[in-house]
Amino acid sequence: MNEISLLQGSNRISKINKGYSYDQKFIVEKDNQTYLLRSFALNELSAKQAEFAAIRQMQNYDVLCSKPIEMGTLPNSNIGYMLLTYIDGDEATDILPAYSPSIQQAIGLEAGRELAKMHKLLAPAAIAPWHERKLAKHKRYIEQYLNGDARLKGDTAFLAFIDRHLHLMEGRPNVFQHDDFHVGNLIVKNGKLAGVIDFNRLDWGDPVHEFLKAGMFSSEVSIPFTIGQIKGYHVGQEPDEQFWTLYSLYLAMTIVSSIVWILQVRPSELGIMTQKLERVLEDHDHFNNIIPRWYLEERSYETGSL
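Sequential numbering from 0 applies to the sequence shown in numbering that gives the first Met the number 0.
I should point out that these hints are in silico values taken from the structure, not numbers from a laboratory. Worth double-checking, as some hints may not be accurate.
Said to hold, decoys possible - Simulated pairs of lysine to aspartate or glutamate, EDC-like, Cα-Cα distance not exceeding 16 Å:
id, residue 1, residue 2
1, Lys17, Glu90
2, Lys275, Asp89
3, Lys136, Glu237
4, Lys116, Asp61
5, Lys191, Glu90
6, Lys133, Asp178
7, Lys191, Asp93
8, Lys14, Glu28
9, Lys17, Asp89
10, Lys136, Asp93
11, Lys275, Asp202
Said to hold, decoys possible - Ranges between beta-carbon positions, derived for each pair:
id, residue 1, residue 2, range
12, Arg265, Asn189, 30 to 36 Å
13, Ala149, Ala124, 38 to 44 Å
14, Gly235, Gly153, 33 to 39 Å
15, Glu43, Lys152, 19 to 25 Å
16, Gly170, Val234, 19 to 25 Å
17, Glu142, Ser101, 44 to 50 Å
18, Leu73, Asp30, 17 to 23 Å
19, Glu237, Lys119, 21 to 27 Å
20, Leu73, Lys152, 48 to 54 Å
21, Asp30, Glu169, 51 to 57 Å
22, Val234, Asn16, 35 to 41 Å
All residues carry an ideal CB built from backbone N, CA and C; glycine is no exception.
Let's have the full structure, built from the sequences with the hints guiding it.
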């Protein structure tokens, strides 16, 4: 810490052990200010510079997120660092169940509005069209999935659904994607959304793609919140058929990539992931339905006007 001049003489330093990121994360307190320090290997420098720049650009749209303070490398080491303001509060995953359904949905409305702000940032001209990049990834994942030993029962139906709808990705908008927008990366304080964290998976592409994590993760924790996020993003209007079809397409594609990813990164958690994916398949009746069951059944939690 002494090599970072801004943090010299810090009062308190504590390590954060949550999350799948390879970054080392610390909460640093100094002079009544609280910072988030993330350190990383220098071979990630280019990606981290893009992340830091994206967080800086988020300030232009008044997105509730950390403010970028400083980025650099530590002398005589293979370590880089990123210093941000710290967002105080609780992870939404942990705190949402403690609130009433109406407050959960109100927090979801806030989250949806923040996501809409992020999507105002357009992809740089050099970024290839979304459908080209997404299709290439999917082809790699599907090959590994079909040749692997962890195929889901009855996968023929959702694989056919994917094939029938891949063409819908053509011509879709190319905008900023947080790419990990769910309750695990949202901070809540005093019944309000305090901020969005962890931009390290950022990408560029179709804004609808952001919602698949809502179906995968957020709906498991709080259906009222998840419905609120969808409503907040759409300014209180019901999403149209195109939204739900694309949402279902991306969710189905993610079933494939999730199996491949968990086997590569956390093979011991294959059982947990399989249960999660089977729940998603049930939510959509193996993609015979494009609107998830939880959305159709739980809209009674609506909080009213926006």
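We went through each hint and held it up to the structure:
For the suggested pair Lys17 and Glu90, the alpha carbons sit about 10 Å apart, so the restraint of at most 16 Å is met. Proximity of Lys275 to Asp89 is assessed by CA-CA distance (about 24 Å); at most 16 Å being required, the pair is judged violated. As the CA atoms of Lys136 and Glu237 are separated by approximately 31 Å, the hinted pair breaks the 16 Å bound. Between Lys116 and Asp61, the direct Cα distance comes to roughly 8 Å. Compliance with the 16 Å bound is thereby established for this hinted pair.
A C-alpha spacing of about 12 Å is found between Lys191 and Glu90, which places the hinted pair at or below 16 Å, so the restraint holds. Annotation: proposed proximity of Lys133 to Asp178 holds, straight-line Cα distance about 13 Å (limit 16 Å). Between Lys191 and Asp93 the CA atoms are separated by roughly 14 Å; this keeps the pair inside 16 Å, and the hint holds. Straight-line distance between C-alpha atoms of Lys14 and Glu28 comes to about 12 Å, which keeps the hinted pair within the 16 Å bound.
For the hint linking Lys17 to Asp89, the alpha-carbon distance of about 12 Å falls within 16 Å, and the restraint holds. Proposed proximity of Lys136 and Asp93 is contradicted: the alpha carbons are some 32 Å apart, above 16 Å. Taken as a hint, the Lys275 and Asp202 pair is broken in the structure, with Cα atoms around 24 Å apart against an allowance of 16 Å. Judged by the Cβ atoms, the range 30 to 36 Å given for Arg265 and Asn189 holds: they are separated by roughly 34 Å.
One distance hint, 38 to 44 Å for the beta-carbon pair Ala149 and Ala124, holds here, with the actual separation near 40 Å. Distance hint for Gly235 and Gly153: a CB-CB separation of about 37 Å, consistent with the stated range 33 to 39 Å. Checked against the hint of 19 to 25 Å, the C-beta distance between Glu43 and Lys152 comes to roughly 38 Å, which is inconsistent with it. Between Gly170 and Val234 the C-beta distance comes to about 23 Å, which sits within the given range of 19 to 25 Å.
Here the CB-CB span from Glu142 to Ser101 is close to 46 Å, well matched to the stated 44 to 50 Å. Taken as a hint, the range 17 to 23 Å holds for the pair Leu73 and Asp30, whose Cβ atoms sit roughly 22 Å apart. In this structure the supplied range 21 to 27 Å holds for Glu237 paired with Lys119, their Cβ-Cβ distance being about 22 Å. Evaluation of the 48 to 54 Å hint for Leu73 and Lys152 yields a pass: the beta carbon distance comes to about 50 Å.
Checked against the given bound of 51 to 57 Å, the beta carbons of Asp30 and Glu169, roughly 53 Å apart, stay inside it. At roughly 38 Å, the beta-carbon separation of Val234 and Asn16 lies within the given 35 to 41 Å, and the hint holds.
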